[in-house]
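The hints should help you fit chain Z onto chain X, whose structure is shown.
For the protein sequence lines, the chains are X and Z, in the order given. Sequential numbering from 9 applies to the first sequence in this note's numbering. Sequential numbering from 9 applies to the second sequence in this note's numbering.
Just so you know, these hints were derived from the structure itself, not from any lab. Check before you lean on any hint, since a few could be wrong.
Output of the computed footprint for chain X on chain Z, the stretches with three or more beta carbons under 8 Å from beta carbons of chain X [claimed, not checked]:
| # | segment |
| --- | --- |
| 1 | 101-108 |
| 2 | 151-157 |
| 3 | 213-222 |
| 4 | 289-296 |
Each residue gets a CB set at the ideal place from its N, CA and C atoms; glycine is no exception.
2 protein chains.
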Amino acid sequence: MSDAVVVGLDVGGTSTRAVALTLSGERLGTGRAGGGNPTSHGVERAAAELLTALRGAVRGFDPARVRAGAVGLAGAGRLRADPAGRAAFDRAWSDAGLRCPYTVHSDALVGYASGTAAPDGTILIAGTGAIAAQVRDLRLDRIADGHGWLLGDAGSGFWLGREAVRALLADLDTGTAPGPLGRRLLAELLGTTEVAARPRDTVDAVVQAVTRQPPVHLARFAPPVVDEAVAGDPGAAELLHRAAAHLVTSAGRIRADGATTPLVLGGGLLTGDTPLGAAVKAEAGRRWPDAPVHSAGDGAAAAAWLAARTLPEVTDPAARHALLVPSAD
Amino acid sequence: MSDAVVVGLDVGGTSTRAVALTLSGERLGTGRAGGGNPTSHGVERAAAELLTALRGAVRGFDPARVRAGAVGLAGAGRLRADPAGRAAFDRAWSDAGLRCPYTVHSDALVGYASGTAAPDGTILIAGTGAIAAQVRDLRLDRIADGHGWLLGDAGSGFWLGREAVRALLADLDTGTAPGPLGRRLLAELLGTTEVAARPRDTVDAVVQAVTRQPPVHLARFAPPVVDEAVAGDPGAAELLHRAAAHLVTSAGRIRADGATTPLVLGGGLLTGDTPLGAAVKAEAGRRWPDAPVHSAGDGAAAAAWLAARTLPEVTDPAARHALLVPSAD
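Pulled out of the complex, with its shape left as it was, chain X reads as follows (with noise of 0.2 Å):
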């Protein structure tokens, strides 16, 4: 068994992990911090976030025992392409008592590693945003859509919440009564589930809950239609099937028909066994008949992965994904 500890970070909007890993798959130490996404965030508020975390999984051993380290997070390119964000990091990094090299990845490829060791593939994630990646030789090579809120984000949580309330403001438009989800959605909106006398007064004040928040927030809705869907609500069943489809579509545009490399699905409505995962795993069925379908898993223990494959004992990564990083599927 080897001596050799590698250390991976996944860096989050809302929450930065790592861990600490031998190439057998020990762990080591674990270390949580706040989110230090360093676009959102800011460099020095990610990079101390960075830190907390890693001192946190380092706590337990000699940190100059670290060989490898690999950190994944949003926003990864810019961060290579500021040199002061970057100082900051290895400033972070040297705290924290590690003196080994480290890599920075983007949280599109991590995820992807957290799914699968196939060098070749796709990852498509669906959380507030949406975005699908080519993955080439564990690169990221082209994307799809994470064109954000107001252009894209097809099938993301964001569309999922404006399409819930698209679908209520029509049932008001037509008269219909709204379903179990518009009745969420109301009440969620207005503190009431009854329409006015006049429909139209509550269109209006549907319409001026909505747009007194930034549009962003709507990705609060789409636990609900989630939710509703799965109790039985068919409108909400729909959002979720034109959601998988969109997000299928979105990988069309960059994997190839008949691809047989795999597809791992991220983000939280993709990972794990989620309603709109598996509409996504039978659309993405049908397309890529042969293709495996990962879920995202670990991404701290992913990113730690990518680092051991750096090492020169590593020589089969695939064999040493299976002890690293624990499967979620």
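Same frame as chain X, now just chain Z:
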């Protein structure tokens, strides 16, 4: 020939127009002023523009001769519910020397009346936004869409512009060379039609250029969509057809299947001999084959006709409509 004079005003977001007409259709005067939408410009400003336009219309005769007046404006309901706003309008009315009563109507009703004298029918408007309204006995009844750019306005100028940019981004994602419309958008947004060596850089630049502006500015790309559709770009033509389908769907939310009452098309994208108007006419002709479709015309004259209808000597409003409101078909 009756000596009675009526006055009509069409208060729009960019201009205010007034006309003074005898009941036989003689045009005694017209006036113009700046935009006076009370919702966006404030009531005092709207009333000031109203006064300017009114003074122009009654310049050539004794304004005490005016027997009835009507004002069409967006946000008529809000004005009616606002005593201070109504007082400001009353003041403008009497400052112009008018002694008769006047009524305030929504721009949608006045748009409808500019296309037909039929008391029942449907008005469908597409400009920057989109709205459909059912008219019953020359009052607005049910309304569809008009939900604003974030949640609705399907098939509007905003919608066309956003979908045009989305189509460009999809081309860039798939690696398809942009067509004529896409190249026009690239030139407009980035000052070049060249796609970067890494197409994702062009995608990011397009998204940033759009999101630097208020979302509703996407409506500025509607005229290029129309132009390029006419010039033969199949992608642009497809967008016009999808917009027409959305607009007819909105109208269908409030208009019965098989309705034979008139459908009036208004707003900059539908009024007159426009390509989107033609696409909507074709789509509406399939859904309501026995219904006449008219173009909205002179809103100020239509408002004057709505005023004339209140006079006891006007016993045949439809005949009077033919005299007072020029057809735009």
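Here is how each hint holds up against the structure:
1. Check on the segment 101-108 of chain Z: 0 of its residues sit with their Cβ under 8 Å from a Cβ of chain X, so the three-residue criterion for coverage is violated.
2. With 5 residues having a Cβ less than 8 Å from any Cβ of chain X, the segment 151-157 of chain Z passes the three-residue criterion, so the hint holds.
3. Counting residues of the segment 213-222 of chain Z whose beta carbon lies closer than 8 Å to any beta carbon of chain X gives 3, which meets the minimum of three for the stated coverage.
4. Only residues whose C-beta sits within less than 8 Å of a C-beta in chain X count toward coverage, and the segment 289-296 of chain Z has 0 of them, not enough to reach three; the restraint is violated.
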